[in-house]
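Undergrad: On the provided structure of chain A, position chains B, C and D as indicated by the hints.
Protein chains: 4
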Amino acid sequence: MKKQKRIRDYGITIGEMETGINNSITDVKEVHVGQVTLDNGETKTGVTAILPHKRNLFKKKVIGATYVINGFGKSIGLVQIDELGTIETPIILTNTLSAGIAADSLVRYMLKDNEDIGKDTGTINPVVCECNDGYLNNIRNIAIEKEHIFQAINTADKTFREGSIGAGTGMVCYGLKGGIGTASRKVFLDNKEYIVGVLVLTNFGELEDLLIDGEKVGRKIKSETKNYSPTENKGSIIVVLATDIPLSHRQLNRVIKRVYPGISKTGSFTSSGSGEIVIGFSTANIINHYEKQDIIQIESINENKIDEIFRGTKEATEEAILNSLITAKTTIGRDNHKIYSLSKKLEEYGIDLSSNLKA
Amino acid sequence: MKKQKRIRDYGITIGEMETGINNSITDVKEVHVGQVTLDNGETKTGVTAILPHKRNLFKKKVIGATYVINGFGKSIGLVQIDELGTIETPIILTNTLSAGIAADSLVRYMLKDNEDIGKDTGTINPVVCECNDGYLNNIRNIAIEKEHIFQAINTADKTFREGSIGAGTGMVCYGLKGGIGTASRKVFLDNKEYIVGVLVLTNFGELEDLLIDGEKVGRKIKSETKNYSPTENKGSIIVVLATDIPLSHRQLNRVIKRVYPGISKTGSFTSSGSGEIVIGFSTANIINHYEKQDIIQIESINENKIDEIFRGTKEATEEAILNSLITAKTTIGRDNHKIYSLSKKLEEYGIDLSSNLKA
Amino acid sequence: MKKQKRIRDYGITIGEMETGINNSITDVKEVHVGQVTLDNGETKTGVTAILPHKRNLFKKKVIGATYVINGFGKSIGLVQIDELGTIETPIILTNTLSAGIAADSLVRYMLKDNEDIGKDTGTINPVVCECNDGYLNNIRNIAIEKEHIFQAINTADKTFREGSIGAGTGMVCYGLKGGIGTASRKVFLDNKEYIVGVLVLTNFGELEDLLIDGEKVGRKIKSETKNYSPTENKGSIIVVLATDIPLSHRQLNRVIKRVYPGISKTGSFTSSGSGEIVIGFSTANIINHYEKQDIIQIESINENKIDEIFRGTKEATEEAILNSLITAKTTIGRDNHKIYSLSKKLEEYGIDLSSNLKA
Amino acid sequence: MKKQKRIRDYGITIGEMETGINNSITDVKEVHVGQVTLDNGETKTGVTAILPHKRNLFKKKVIGATYVINGFGKSIGLVQIDELGTIETPIILTNTLSAGIAADSLVRYMLKDNEDIGKDTGTINPVVCECNDGYLNNIRNIAIEKEHIFQAINTADKTFREGSIGAGTGMVCYGLKGGIGTASRKVFLDNKEYIVGVLVLTNFGELEDLLIDGEKVGRKIKSETKNYSPTENKGSIIVVLATDIPLSHRQLNRVIKRVYPGISKTGSFTSSGSGEIVIGFSTANIINHYEKQDIIQIESINENKIDEIFRGTKEATEEAILNSLITAKTTIGRDNHKIYSLSKKLEEYGIDLSSNLKA
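Protein chains in written order, with my numbering: chain A, 1 to 359; chain B, 1 to 359; chain C, 1 to 359; chain D, 1 to 359.
Excised from the complex, chain A in its bound form (with noise of 0.2 Å):
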């Protein structure tokens, strides 16, 4: 498969920090994505998964934390994380109306490699976070069933592809194709390296507050655009962040409000109807579901150096969504709505984003 054209691919580069080995939430050691994609006729939606790790997350949770910027949504699973503070579970991505029976689905997926769940011991809490893809998807259809999830955790990987896939195949971001996107950066303590990784679901947005490092540039679109009609600015956007430094859950929950200066910078408001969620994970304490000490050792780190960790956080989610943007196509969905990708209307007005920001 073609290699995708990302951001930094047109000259734009977010920040100044160093970004991982393949700019990916995957470059944090043990994370995998998988993606499944249903694009047929007016279905247009899909399934992404982020495995923390492959082993048995049930036996092996992972510190996690939550963060609601506005609550508009229909997540699943965040009570018991914000409680707890450990994901026990892949965290699904997909379309709104489909969040029941992923969370049915994981239930089941979970069930399978745990005899023990709900006989010998507790049960298990599914994570599930979605975007309203109905503007090109026909998401009354509630087209996910059990095998796609199950699909898109086996097949999770270290490389995946970003844009029009996974449960991205039918967003609108900016009042263009959003969908996937990722990045990452690199965190130096005690001079070891960390990364801090981040995964988008781009659904939120109008084109005229679109910014790419600060240019206007959906203004610029817009303005030379004579057919241009919105769509409706509902939608949402989901991110997750994983992160192998040591934190603490509260340590976690600061570092993932620091994703929305980097949604900010994108150039939204945060409009009412966009449900924006964020989950968060480090995978470098493993709290075991069966632990025989009473008492345990956890790393986190000392919060005098928490500020590169919060840099990186802005910096890669900024990315990470124009990443969702520029390597989305433009796709026809329900009712022949039409949402063209951002690549092309750049080349339809000309615009050089690299030449452009250095006038």
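It is worth saying that the hints were derived from the structure and are not from the lab. Among the hints, a few may not be true.
Any copy will do: because identical chains look the same in the list, a pair fits if it lies in one copy or spans two.
Unchecked claim - The calculated lysine-lysine pairs, modelled on BS3-like cross-linking and capped at a C-alpha distance of 27 Å, are:
| id | residue 1 | residue 2 |
| --- | --- | --- |
| 1 | Lys158 | Lys3 |
| 2 | Lys112 | Lys158 |
| 3 | Lys158 | Lys29 |
| 4 | Lys305 | Lys3 |
TA: This is chains B, C and D only, laid out in the frame that chain A set:
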């Protein structure tokens, strides 16, 4: 069907306030409750649906709020209630591993009656709460199906039974059989009568902690029992509070926090493994999905007068829990797990609640 | 000074767990308490200072957390504890209108011992909690001055008196004289003994609601009293929890929520006008202000073992409240306002708590 | 006094919405601002008071809300605003170590005008926010006294100056001189004009991050500066939002969250050491302290129309921050610490903001 003997029939009066006409959550005008019970072999589970009203809830939303006492739980839909302060579907109670399928089914139910959802307007926020009935129920078989959810909603009525029924079929509370319970209190404002109604799904607590109106009944039972084998102290309580008192989202949030003193009066210390979730709604102000005015009028209470509602909430919660216990039946579930009813144990030990308390 | 008669001396044993050696918050190693009482004419108020340790708290912070049960209160310093999870000053309790001057004084106290604050490093977060003693105390004269704060801190000791003393001098609880109370419980982890200690400043509740270990003592007193004139049900309770158990910020937050069941067991429904605030700290992990390592080690508890701490918190809170009531003295304050002590009322009505409860 | 040159006078227009008549928080009817500046030798600090109205605020409360972006701060009064949803005193801004004395002074101010407080009714909740001006100001001398608080309130007016004045006297923002700034936007509802007004106290950010309407101005200044010595990235921003739009507490809370995108647009990633606090109030519904009716009417907005308020909040926040920077003056404070003004730096580097941005 035989009338159930409730805690007042045993001579116990909780608190000082007057009850509503049926001492039930359905004393709140327009509120209805429907239940489906699955009781065959290893399957001891079910569904309880609470309808704020029987009109179109998506188009005519009620003001809602949530309060997480202990978030070791998998309830669905809380994020959006917290953000927008409204409830737009029936509230479904069921077992933990069926929460996903219940949410999926509830979405399908709402789509059926609203052709605009996901097409001409936004999506829908299903509200599902759950407890783990895995001690009696083979929870791993995920017995709940779409039809059960539909049936529970469609058969919702003003009268309903308590104890081992609906979502309460397999629940265990204070080491005794728990389940569904309800109670209500009258509140007078500007010389008008209002109702605070509470419905509980009880699945929490250890026998030794059980108090009945302050009396250490749990300890009596325990101390005289030779072969007592404590069930795991994992569980939950779900509390749904309904009222026709005009309350803002913030005020409703304050009111439902007073569920916690009501729970505590029955003796529990709120164990870690117990997901204790409260959902409240007020039917007094209807929020139109397609509101035409930009500025709307909301009635709310003069906060100086809110204490009587707080007191009523505490009293009704405590009484609803006791009703769930006293109406439940001794049950044998999966793997021959047997849980005795409170009434059976009172009889066995010759405990007369009324005389006992007057002594 | 004469030893005070506490609730256990009346034959009342709250719960099942073993107390610490003095059944006091200072059973937690290094914790000290100092008090200054202002009792002359219309002035019935004071200061109670809780020191997590006597070393330099700014340089050696303890892990802290807060929990707002009901936020009708003016406590100071909670925002930063919630964000950073640390406490860096003694905790000062006083009357509501003196909270500002107490915070100012506490800042000056900390500046005195730390020449770097506000010059070579950041500032300091003073922690002050308060209740309204305005029924007995002429609170409008703001009697607390810098010297009282300094003195309370400087005289902090392992032993301290309960009842009508320090910040508790003018407090009213369940219509009776309230004030300062304390209790503690032992918790065993990995075969080692730890302590959960609680100190309360009680100023809440209505007489008719008072329960002593489940017994409706408040109603008995009331029903037999002719000239009972209820004081306004405005008030508060401040609870400070100390422990040497290693807890993360999140875990500590979970622990201090179990203060609420303890309060509720004494009968209150948590009225609107009552500011109920909990501050907790663990002395097990010290956070260095000038930490040199980027990654640090934190001990925390295996969450599967947290229930015993929850239970201890509930028990100690309930007992500390009862201790505050039973040790307090009948007091006549401003405008001849008179509040009787519980011990006086028990005597007057010939109530024998121990026999009563055994009946 | 000479009119100050604001960011619009440099050719910069933030966003698309129309400003209020003076582009100021005082465009909201009844809102007044008073300031006291202490500028002598090592003392570079002051007080800024925002009055929601000039009537009796304790008796006629306004609906209020708070939002903590980053809680490394010592603001006072937030707990009660969150619980009761009202503000009952002027809002005082000052330096961190003077927050206690400011709260004490504000209490005394309110007592003066309300003989019932603490005697015949409850107490008062003073609202004080702060930033650390310790780089320029000798903050350890706690220069603020009662008279300054009284004077700031008593001299509050519809017009007030921005930049290095009042609480802004010693503040540092993006490595440049910060301080007080303001801006406003018009919102039309049911064909009626309303105002969203914002006042900021800016003391945050690193020079390299500063963006002016997307332009990386901070980096330009830095890259060309030889002797640039970065100040510690400790700081804060306090944002006060006022509006005459009818909003419930919950809605107001949603609105003030959109301050964060406005801050982020100026470039900051929200560092750990920065206490970023937002306080909002709506003057549209007055809550009477002695309300006689049990049920009251509250106007609120149809939530489908809230997006324009969100956008206005973002725009006004961004512009207020830029106004605080562009109006501030180069200042030499304690220990010869010198901070340059933005206007001085623009001049020094020959940066023409308007031409620059059009290029």
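Undergrad: Indicate which option fits the pair Lys305, Lys3 if close means a Cα-Cα distance not exceeding 27 Å: within, between, both or neither.
TA: Answer is neither: 36 Å inside a copy and 43 Å across each miss the 27 Å cutoff.
Undergrad: Within, between, both or neither: how does the pair Lys158, Lys3 come out at a Cα-Cα threshold of 27 Å?
TA: within (15 Å within a copy, 60 Å between copies)
Undergrad: Give the relationship of Lys112 and Lys158 under a CA distance limit of 27 Å: within one copy only, between copies only, both, or neither.
TA: For Lys112 and Lys158, the Cα distance is within 27 Å only inside one copy (24 Å; across copies 41 Å).
Undergrad: Checking Lys158 and Lys29: alpha-carbon separation at most 27 Å within a copy, between copies, both or neither?
TA: Intra 9 Å, inter 50 Å, cutoff 27 Å: intra-copy only.
Consistency with the previously given hints fails for number 4 only.
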